[in-house]
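Student: Residues per chain, in single letters:
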Amino acid sequence: MPVTLERVTYTYPGASAPALRDVNLRIEPGELVIVAGGSGSGKSTLLRAISGLVPHFHGGTFAGTVTVAGLDTRTHGPGDLAAAVGTLFQDPETQIVMGTVRAELGFGLENRGEPPERVARGVEEAALALGIAHLLDRSTAELSGGELQRTALGAALAGHPQVLVLDEPTSQLDPVAGDELIGLLRRANDDADTTIVLAEHRLERCLHAADRVIALGDGAIACDATPAEFLKWAGRAAPRLQTPGAQLLEGLGLAPVPGVKRARAALRSRNLLPDRAGAPEPTAGGRRSRRVRSSAPAPALELQGVWHELRSGPSLLRGVSLTIAPGERVALMGRNGAGKSTLLRHAAGLMTPTRGRVRSAGRVGLLAQNPVDYLVHEHVADEAPASALTAVGLDDPELAQRHPRDLSGGEKQRLALAVVLGDGSQRPAVLCLDEPTRGMDREHRARLVALLGALDGAVIVATHDAEFAAAFANRVVLLADGAPIADGTAAAVLSGGSYFVTETARILGGAGAALTPADGVALLAGGGRPATPEVVV
Amino acid sequence: MIYRRRTGPLQSARAAIGCAYCLALGAAALIVSNPVVLGAVVVAILGAGHAAGVGRELRRAATFAIPAMVAIAVINALVTRDGLTVILRLGDLPLLGHTDVTLEATAYGAILGLRCVGLILCGVLYTTAVDPDEVLRLFRRVSYRSALTATLATRMVPILIRDSRRLADAQRCRPGPAPSRLALMRASTSGMLDRALDVAAALEVRGYGAARRPGHRTRTLGAARAPLSRHDLAFGTAAAAVVTIAALARWVPLAPFSAYPSLRAPAGAEPLAGAAALLVCALAPFLDRRGL
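Taken in order, these protein sequences are the chains called A and B. Mapping of the first sequence onto this note's numbering: residues 1 to 537, in sequence order. Mapping of the second sequence onto this note's numbering: residues 1 to 292, in sequence order.
Bear in mind the hints are in silico, worked out from the structure with no lab data behind them. Errors might be hidden in some of the hints.
Stated by the list, open to error - Which stretches of chain A does chain B cover? Using the computed rule of at least three CB atoms under 8 Å from a CB of chain B, they are:
| # | stretch |
| --- | --- |
| 1 | 91 to 98 |
| 2 | 107 to 113 |
| 3 | 135 to 141 |
| 4 | 366 to 374 |
As the list claims (entries may be wrong) - One side only, chain A facing chain B, incomplete, derived with CB under 7 Å:
| # | residue |
| --- | --- |
| 5 | Leu53 |
| 6 | Phe57 |
| 7 | Ala82 |
| 8 | Ala103 |
| 9 | Met351 |
| 10 | Thr352 |
| 11 | Val420 |
| 12 | Gly422 |
| 13 | Gly509 |
All C-beta atoms in this analysis are idealised placements derived from N, C-alpha and C, irrespective of residue type, glycine included.
Please work from the sequences and hints to get the whole structure.
Tutor: See below:
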């Protein structure tokens, strides 16, 4: 049965403006639909309306009709809809409620009163479909972020829902796990004819798998089209929603198409696809460190053979040696669990190495993944000194009197950054940020790049976001199993692989070390190589 | 301090038996007063924890429980007026008035403290060695929502511990003076409420709000219960034996003890035999590790 929304307008309790405005929509069974839009555009609210959380869980003012699997959500709450709608949110940690993966997968079926043999079968099939059969008897407390998200997806799929709604499910995943998740969704869609509604900021990750894209703006539907048509529309009306691949093709005068494969085909058809020229070779961490020591006067941060060994379990860091020069912009990349956050925590002095040494030229500030942890006061003005608020662009007097928790996601992050920066005399010599672009739209990412670029001192960012790293960093360190496996210029590292690379580099196969659409256009239209950024040491 | 799946005889027994075993040890700690037998109960709990692979968790809990035991002993010695053997005359103290510390009150306070340690360790043994998901299944027949709510409440604990660690780390990254405790408490409470809301939303969309008891087919098709394993039988028997020995020690009495008016704890073969029997019964099921 289709999902239909008729003239749906919804306002959250206490909100002055509606989050959804007069939305009319019909999603056919078996469609894979992507919901695009900037932060606050109404994506999550739309998904929550389909799963019945709006209005039953959130309250507020609701007008119109939402029908899912033949059930009207005005009269059927999320509990009633659970048999037909599987839901997956951003944070897997709060979605896992049982102690083992097996119990987690069976939880929804047991809630429906299914007999044990049907529960067992549902659990087994979901585990096999998602490749987590080996995890079934593992404790959920021991799972990595990617495994948790797969388990949560398995729990949503175990009951064979007609509709699956997912709210930025890849935002906490590394590119490998993110691609795997999108592949799994496509398979669920193909094999079981499950209707999938997926909200996502990083469209380049999922657009190729979609049948249709719905773009929301200010709570209303701005575009409802196929992925290729959506990209054309985005080029005209909402450039911030365009994927880097589409920008590259449009820059060359070609019609934008979703996905790396189709983009390559489009370039090949015009004889524009270059040979895979070798990108500059990244250097190994150790060699690089020695070179820096011999030439640089005083590093901002130096890690010498840092190990972090757990009493029982694997080593989180294995002899990391890294030297960061003043003013350097470094992106730390790697899979979930590679040791990025641990390295930042050691840099900030929150952890003590079991072996090795960490030295810094001054204070090391750390902005961890959740900015709300830094916000403890009643007013924005009380959180940070005025100079820090000015530095992050939060010096508006009206804003200063607001409660920090009432700010938007991007504003909260800037405020937390102001807290870490402190006043002029307290400015850190090294600023570390852990996954700052998680769940952030492209516009906010661009603002963050500009903000970090204006700061003094060295900046180290742990991120999965290759596009952000390409825009922000002049050096990229790739970690695996707690040790650097590549360390070089952004152009060298981000163009020389399959996963930790930008979409442009993926399309061009690393040719000319082009990372951004502008680089790619310069390379292909100009016939020359773009300027390769150098490492500042 | 959460349940992790491990391989061991106690973990191989079904949750109902695991619960019964932990309850029996807890009941023994409550029933017996003789210090020799009560000490044996605490040693049995520690031994069971070690054999179940959760010794570290129990030792960590003991580091918090032992100061509590000392505190109970001191408070009892200060506030109890019973007992004939005065060991310390403190004179007039503010709030407490004239205070004489007696040997009996001190000894009884130590017994209360030891009992408290036993109960805390028993709780930790249950939390870390008995699968809460199986317990949920066990109790859902009685009261599904209460069982689930209780299980989820314990599940929130590790999440909240992680959140509070993150909050503490964030405050360490703040330059300048630290925020007041009130501000931190307010922030952590708001964080907890946010977390609880997230979990509640996740539960709603998983059908918790409309949770149904398993239907008629469940009872007919699922009625074939698995036979008791040798671990079930061993731990079930051990639980019954522990409670029986504790009852004999208290009420026959094999190991008599009275604190007031004067201390009476005869040290003979019977309390020692009772303690040894309790230890053997409690720990014997762990010897069978065949096939694990």
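Student: Now tell me, hint by hint, if it's right for this structure.
Tutor: To see whether the hints hold, each was checked on the structure:
1. Counting residues of the stretch 91 to 98 of chain A whose beta carbon lies closer than 8 Å to any beta carbon of chain B gives 6, which reaches the threshold of three, so the coverage claim holds.
2. Restraint check on the stretch 107 to 113 of chain A versus chain B: 6 residues with Cβ-Cβ distances below 8 Å, three needed, restraint holds.
3. By the rule of at least three residues with a Cβ nearer than 8 Å to a Cβ of chain B, the coverage given for the stretch 135 to 141 of chain A holds, with 4 such residues.
4. Only when three residues or more bring their CB closer than 8 Å to a CB of chain B does the claim for the stretch 366 to 374 of chain A stand; here the count is 7, and the claim holds.
5. A hinted interface residue such as A/Leu53 counts as satisfied when its beta carbon comes closer than 7 Å to some beta carbon of chain B; here the least separation is about 6 Å, so the hint holds.
6. Because the beta carbon of A/Phe57 sits about 6 Å from the nearest beta carbon in chain B, less than 7 Å, this interface hint is met.
7. A least Cβ separation of about 3 Å between A/Ala82 and chain B falls short of the 7 Å threshold, and the interface hint therefore holds.
8. Because the closest C-beta pair between A/Ala103 and chain B is about 4 Å apart, less than 7 Å, the hint holds.
9. Taken as an interface hint, A/Met351 does not check out: its beta carbon lies about 10 Å from the nearest beta carbon of chain B, beyond 7 Å.
10. The beta carbon of A/Thr352 comes no nearer than 13 Å to any beta carbon in chain B, farther than 7 Å, and the hint placing it at the interface is violated.
11. Satisfaction of the interface hint for A/Val420 is found here, the shortest Cβ-Cβ separation to chain B being roughly 6 Å, below the 7 Å cut-off.
12. At a threshold of 7 Å, the smallest CB-CB gap from A/Gly422 to chain B is about 4 Å, leaving the interface hint in force.
13. Because the closest C-beta pair between A/Gly509 and chain B is about 40 Å apart, greater than 7 Å, the hint is violated.
The structure does not agree with the numbered hints 9, 10 and 13 stated previously, though it agrees with the rest.
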